[in-house]
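Protein chains in written order, with the UniProt record's numbering: chain A, 1 to 703; chain B, 1 to 703.
By construction, these hints were calculated from the structure, which means they are not laboratory data.
Misleading hints may appear alongside valid ones.
In silico DSSO-like links for lysine-lysine, alpha-carbon gap of 27 Å or less [what the hints assert, rightly or not]: (1) Lys684/A - Lys133/B; (2) Lys663/A - Lys79/B; (3) Lys527/B - Lys598/A; (4) Lys32/B - Lys340/B; (5) Lys141/A - Lys684/B; (6) Lys289/A - Lys276/A; (7) Lys663/B - Lys79/B; (8) Lys527/A - Lys618/B; (9) Lys16/A - Lys219/B; (10) Lys527/B - Lys498/A.
Some chain B residues near chain A, calculated using beta-carbon distances under 8 Å [said to hold, decoys possible]: (11) Ser77; (12) Trp85; (13) Ile154; (14) Asn167; (15) Pro238; (16) Thr354; (17) Pro445; (18) Thr448; (19) Asn540; (20) Gly607; (21) Met664; (22) Val676; (23) Tyr679; (24) Val687.
Pairwise CB distance ranges, derived in the manner of DEER restraints [said to hold, decoys possible]: (25) Thr571/A - Thr69/B: 57 to 63 Å; (26) Lys16/A - Asp643/B: 51 to 57 Å; (27) Glu63/A - Leu221/B: 53 to 59 Å; (28) Pro130/A - Asp643/B: 38 to 44 Å; (29) His54/A - Asp677/B: 33 to 39 Å; (30) Leu221/A - Asp36/B: 48 to 54 Å.
It should be emphasised that the depicted structure is a prediction, and the values quoted were computed from it without experimental measurement.
A virtual CB, placed ideally from N, CA and C, is assigned to each residue, including glycine.
2 protein chains.
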Amino acid sequence: MSIFNNNVATKFSDLKPRGPGGEALLEAEREKINFDVKSLSKFMYTEAWLDKLHRVLSVIESEPAFDKTSRYYQSRSEKIKTSLWKDRRMVELARLFLREHLWDEQEFQIANFLFDQSSPFTLHYSMFIPTLKSQTNDEQKKLFLEPALNHQIIGCYAQTELGHGSNVQGIETTATYIPETNEFELHSPTLTSSKWWIGGLGKAANHAIVMARLITNGKDLGPHPFCVQIRSLENHAPLKGITVGDIGPKFGFNSVDNGFIMFDHYRIPHISFLAKFSQVQPSTGIYSKPPNAKLSYGTMVYVRANIVMGVRYALAKATTIAIRYSTVRQQFVDAASPKKWDNKVIETPVLDYTMQQYRLLPIVASAYACFFTGREMLRLYELNQEAMKDGNFDLLADLHASSSGLKSLTTTMAIESIEDCRRACGGHGYSNFSGLGQFYQDYLPNVTWEGDNYILTQQTARYLLKTFRNVVAGKAEPSEYNHTISYLTQFLQNTTAKCPATKPADFLNPELILSAFGFRAAYGIAKVAEQIDREGRSWNSMLVEISRISKAHCQFILVRNFIVTLQSDPTLTRAEHKPMNQILRTLSALFALHTMEKELSEFLLSGYLSSEQCAMLKEQVITLLDVVRPQAVGLVDAFALPDYYLHSALGRYDGQVYEAMTKMAEAEPLNHTLVVDGYEENIKPFVHQGRTFAKKDVSVSRL
Amino acid sequence: MSIFNNNVATKFSDLKPRGPGGEALLEAEREKINFDVKSLSKFMYTEAWLDKLHRVLSVIESEPAFDKTSRYYQSRSEKIKTSLWKDRRMVELARLFLREHLWDEQEFQIANFLFDQSSPFTLHYSMFIPTLKSQTNDEQKKLFLEPALNHQIIGCYAQTELGHGSNVQGIETTATYIPETNEFELHSPTLTSSKWWIGGLGKAANHAIVMARLITNGKDLGPHPFCVQIRSLENHAPLKGITVGDIGPKFGFNSVDNGFIMFDHYRIPHISFLAKFSQVQPSTGIYSKPPNAKLSYGTMVYVRANIVMGVRYALAKATTIAIRYSTVRQQFVDAASPKKWDNKVIETPVLDYTMQQYRLLPIVASAYACFFTGREMLRLYELNQEAMKDGNFDLLADLHASSSGLKSLTTTMAIESIEDCRRACGGHGYSNFSGLGQFYQDYLPNVTWEGDNYILTQQTARYLLKTFRNVVAGKAEPSEYNHTISYLTQFLQNTTAKCPATKPADFLNPELILSAFGFRAAYGIAKVAEQIDREGRSWNSMLVEISRISKAHCQFILVRNFIVTLQSDPTLTRAEHKPMNQILRTLSALFALHTMEKELSEFLLSGYLSSEQCAMLKEQVITLLDVVRPQAVGLVDAFALPDYYLHSALGRYDGQVYEAMTKMAEAEPLNHTLVVDGYEENIKPFVHQGRTFAKKDVSVSRL
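If we strip away everything but chain A, and leave its shape as in the complex, we get (with noise of 0.2 Å):
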């Protein structure tokens, strides 16, 4: 059948879109913008990240280890070998340093970002070489972190275990001390207590930094980190006493080899231990303990505000995928407000329906909002590194209960929203072609790690309860960092506070809407509190309303720095971009009033909103929707996201989504051969059944 194995039927002809064509669609709405698209991109981003980005992005572009073409239609091995091939090319472009390309830390780091999709050598990088930095003593550096560098060994991060996630107090791998010979022993003594999840085992690595629980002179002193050989170094195979692979297929992240470990009494140095913090005496196994480390949260707000930074990125793809394809995409004749081109009548852009406006238009504006919100995160960030040097540790409790929050309730935003963008391209945003298909998948895990996102609300209530209570016992003062004891204590000196809105506009009105977000998050505080203090509530059966709680106060901060950093940036402020700014505010208040409208029950319940102020309310909100729409392109071009990024047919810049719909699926690798596996065993037997051919019924012309 090999005459058939040539792909004549699966290729298309030269055939164009029915007119208007993507392109002129797009040129059309890119003539509505009124502000510059590059001032805000380069408000965002600086001039001096996008050439970093463009000059990345020529380098990678026309690297093989680097292409895209075939990811959507990659089995799962296929997706760790050409996931291989990019790391070690990774490797190689960077170690050009000072030579051709020139790729500093951040070009590394853009080009990863670029080429979105995470490796087997990803949590070598984020997590194997962060832990060996801050947690080893000088020999271990020596031993442990220069091979890691230079990828002599690589290396994962092992602490889930099968049946122990969250609680990581409750894990059971142990490394117990064995003086007679100076070593531990790794031990895994129950089928929960293997390894799971852990990014890079499966395959990739050679070392690990196993979270074991520390036993030395009988006494479990809880988990501790060890840097840990698990495969040789010679042939890759694993070592004995080990059990390692691969868990199987997941959701996404199948570029990963996220693996399993168990240890069968499996003996390793003493050098191991990581001693940065606590050390096992030789011989003696007397443990001394680490110094209380708070410093530790800083870390983990950093981790956070990336994480927010990283939202603004993913909501930030989404929209400039689906605004895009909104205005290509034209669906029934709008009778009552016919789209004309040409003198034409043609079937209505999508993005003109108030509803597709109202589905896609506030995650554009939430996007705004996580961008301004993270770069505020990572400001008191440094801050508070500053300040906790100096002892003064008065910033870390409330940006560290804020961070948490933060992370819950972006990242949650942001799946929901890869989703809704999908829903909002129709059948087509089914296709992988979309875009948005394996971003949904990989993006997911973002909802359950680093925290799971249910268990953070419960550190950040746990902190508004607290202070709540320190404002009403006066033991707290508002101060310029601390916006939750402003907003406790503005609550609390008029708890019957009404909003004074009269007319839809009055909600554009930036105090008055800090009022409403501070109003409503307080007096949800006041009443959880009331009901575990003096009703003597449990806190597992008011875990609903913790979270709620959370939710409100983190929604006000996103509010609160948006709002507050267009009227006080330096840029921003300038009168040169006037345009750009006008456009920003707008976005804040459809962020705000959109936020209001998906909360409205908590608004209502708090007595701070009356159903008249809802009507307008909503009111206001159509009302933006209609001004936002003819700059929705011009926002989604000023993220500057390359197509090579995107890598979506229904989010190229040009437009010209039809025609690479048809180029990828010629691509399908089940395009070619013509004739189906399976098709002699499975179809032919009841086709040919008591039927004889006539020459007609062949297609002897292709043959």
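Start from chain A and add chain B according to the hints.
Frame of chain A, contents of chain B only:
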């Protein structure tokens, strides 16, 4: 390196999970159940159906073509190939009718249900054959339907185009009558006219129903169906003039070969035009119109009733997995109420946390809600079919409108619930072994196909607004079958009614619940009518509110059918079934009150509920969770879904979660070799740089 091709290091030892094991925990749960699980299963499915289920199950569990062991590891082409195998074997088994296995049509359906994965032949059964049955004349039945029933031809249904989805009237493919040869010429004039998304077309089908614009005597008569051969019956090669192939990878549904097809002046004989309802006269090309067929609305009701019943299965599957795993999975010790086992404190099973109950138990309730509404829709469908035969179309409009909104509402509920259940399984929910990942991916198109969920709400809303205007004008009388008219009439009699609840338990009163849902739906409809009819707002600007009133109406129906059935069903009201009725009543209240809480702002805005009542409502929801919690495992066991169907490590009936996870990980194809493909090129060069190897560094013992 073949010495590593044994699998020793990736085989788990015989260790047990840390106790208590899943078996013991689930057994303890089952001891708490206070109703008869089997009776509830029988009530929902009938004993006869359950017998069939078990008979079919025993056959396919030992059929290699139905084996699910490799399901989660397969590449796209492996999925297609094994799906074709299953399709063939299914035909063979069905043909054994009256011989060995005695499968009737229901058993055939059960086998497909249990296999739980669509395949290339799926559309042959669900669209090709039904269309041929309903739209052909006798000659065409002989020519197309008979061979289709015998699988001598395999077909699909080609309507959607690359540029045209919901707006069927906008499709571009033409079928021009050529009187000279008495043929039609199928043609695809543009790239956007390519048929797209057509299940079974990509690789399997040799025929297609093609929807094309009929053009005869220069007149465009809009879309009509044609039955068209597209591939050779002798060797399966595409016929000349056709471009056909698979559209590529999708978010899910990758076991189906969704395809594209374009026609280049492709001639088909006159007989291809499906001629039951309209005809083109040979030679003259004179067209005769179909009778105006309201009748087809009946079929849509039937399809949608089955979608709602399908939602019940989706919710049942998701909750069975999540509830069982939540009783096995333990996390943290709840200090205020520590869980004991054999007098020892253990970590608390996560289902004991209120938040977990709040996330899962309302979904269990909604599965039952969908069952009762699906059943009622099927009953009304039958009633309506009978009525229409007598020329009575009174029932149709309400039934059709409700079915549109219910399809939209319940499939949206289903997909959100599947994801909520997946997330409630923590980290392991992200593993494909949870059974929830591919399930989510495959279920997702339900929110877009058979009517996009947003667009459908407009149909419902149009009917609701029209009915409202009729009621206001005194032109509509309440009837036994039209509850829309009833609640609108009731609302208009007192538009400022208030909820009479004075304590939390008052919210358990079914009459109070129904009044609340009716009032809230009517209030929303009245508001929208006012804004459109009096304030002159455009339909487009009202789309957000329009989707809300459709939802409000359909939530009323779901709540009503649940409550009324429990009050009136002859089986449920029997004395012996009192415990079963009791728990179902609790579930109906949980479903209703949790829905009210989700939509609280609408109940508040309508003025029906006060803030104080909302607090009572929330309290009552938490109380109900407490009542349902001990019955949770019984309620999902009653869904009677076999382990073969669930194919989930987390949802197993016996609770052996961790044993199953490790077994399935062992089977991951990446673990079939100890050293990963790509090691030599991409890892070894780094690791070996500047290193010599001592004997000890190699895992000699294994070699």
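Comparing the hints with the structure gives:
1. Pair hint Lys684/A plus Lys133/B holds up; C-alpha atoms about 24 Å apart against a cutoff of 27 Å.
2. With a C-alpha separation of about 23 Å, the suggested pair Lys663/A and Lys79/B falls inside the 27 Å cut-off, and the hint holds.
3. The hinted pair formed by Lys527/B and Lys598/A meets the criterion: a straight-line CA distance of about 19 Å does not exceed 27 Å.
4. Restraint check for Lys32/B and Lys340/B: satisfied, since their Cα atoms lie roughly 16 Å apart, inside the 27 Å limit.
5. Distance restraint check for Lys141/A and Lys684/B: the Cα-Cα separation of roughly 22 Å lies within the 27 Å cut-off, and the hinted pair is therefore satisfied.
6. Pair hint Lys289/A plus Lys276/A holds up; C-alpha atoms about 11 Å apart against a cutoff of 27 Å.
7. For a cut-off of 27 Å, the pair hint linking Lys663/B to Lys79/B stands: about 21 Å separates their Cα positions.
8. This hinted pair checks out: Lys527/A and Lys618/B have alpha carbons roughly 13 Å apart, not beyond 27 Å.
9. At most 27 Å may separate the alpha-carbon atoms for a hinted pair to count; Lys16/A and Lys219/B meet this at roughly 24 Å.
10. Restraint check for Lys527/B and Lys498/A: the C-alpha separation of about 25 Å stays at or below 27 Å, so the hint holds.
11. Because the beta carbon of Ser77/B sits about 6 Å from the nearest beta carbon in chain A, less than 8 Å, this interface hint is met.
12. The interface hint given for Trp85/B holds, since its Cβ lies 6 Å from the closest Cβ of chain A, which is under the 8 Å cut-off.
13. Because the beta carbon of Ile154/B sits about 7 Å from the nearest beta carbon in chain A, less than 8 Å, this interface hint is met.
14. Checking Asn167/B against chain A by beta carbon gives a least distance of about 5 Å; that is within 8 Å, so the hint holds.
15. Interface hint status for Pro238/B: upheld, as the beta-carbon distance to the closest one in chain A is roughly 4 Å, under 8 Å.
16. For Thr354/B, the shortest C-beta to C-beta distance to chain A is roughly 5 Å, which falls under 8 Å, so the interface hint holds.
17. Satisfaction of the interface hint for Pro445/B is found here, the shortest Cβ-Cβ separation to chain A being roughly 6 Å, below the 8 Å cut-off.
18. The beta carbon of Thr448/B comes within 6 Å of a beta carbon in chain A, closer than 8 Å, and the hint placing it at the interface holds.
19. Evaluation of the Asn540/B hint against chain A yields a held restraint, the C-beta minimum of about 5 Å falling below 8 Å.
20. Interface hint status for Gly607/B: upheld, as the beta-carbon distance to the closest one in chain A is roughly 7 Å, under 8 Å.
21. Among the interface hints, the one on Met664/B holds; its C-beta lies about 6 Å from the nearest C-beta in chain A, closer than the 8 Å criterion.
22. Interface restraint check: Val676/B against chain A, minimum CB-CB distance 4 Å, threshold 8 Å, status holds.
23. A hinted interface residue such as Tyr679/B counts as satisfied when its beta carbon comes closer than 8 Å to some beta carbon of chain A; here the least separation is about 5 Å, so the hint holds.
24. Because the smallest distance between the Cβ of Val687/B and any Cβ of chain A comes to about 5 Å, under 8 Å, the interface hint for this residue holds.
25. Between Thr571/A and Thr69/B the Cβ separation comes to about 60 Å, which falls inside the hinted range of 57 to 63 Å.
26. Taking the beta carbon of each, Lys16/A and Asp643/B are about 53 Å apart, inside 51 to 57 Å as hinted.
27. In this structure, Glu63/A and Leu221/B meet the distance hint of 53 to 59 Å, their C-beta atoms being roughly 54 Å apart.
28. Between Pro130/A and Asp643/B the Cβ separation comes to about 43 Å, which falls inside the hinted range of 38 to 44 Å.
29. For the pair His54/A and Asp677/B, the beta carbons lie near 34 Å from each other, so the given range of 33 to 39 Å is met.
30. Range check, Leu221/A to Asp36/B: about 51 Å between beta-carbon atoms, so the 48 to 54 Å window is met.
Hint violations for this structure: none, all hints satisfied.
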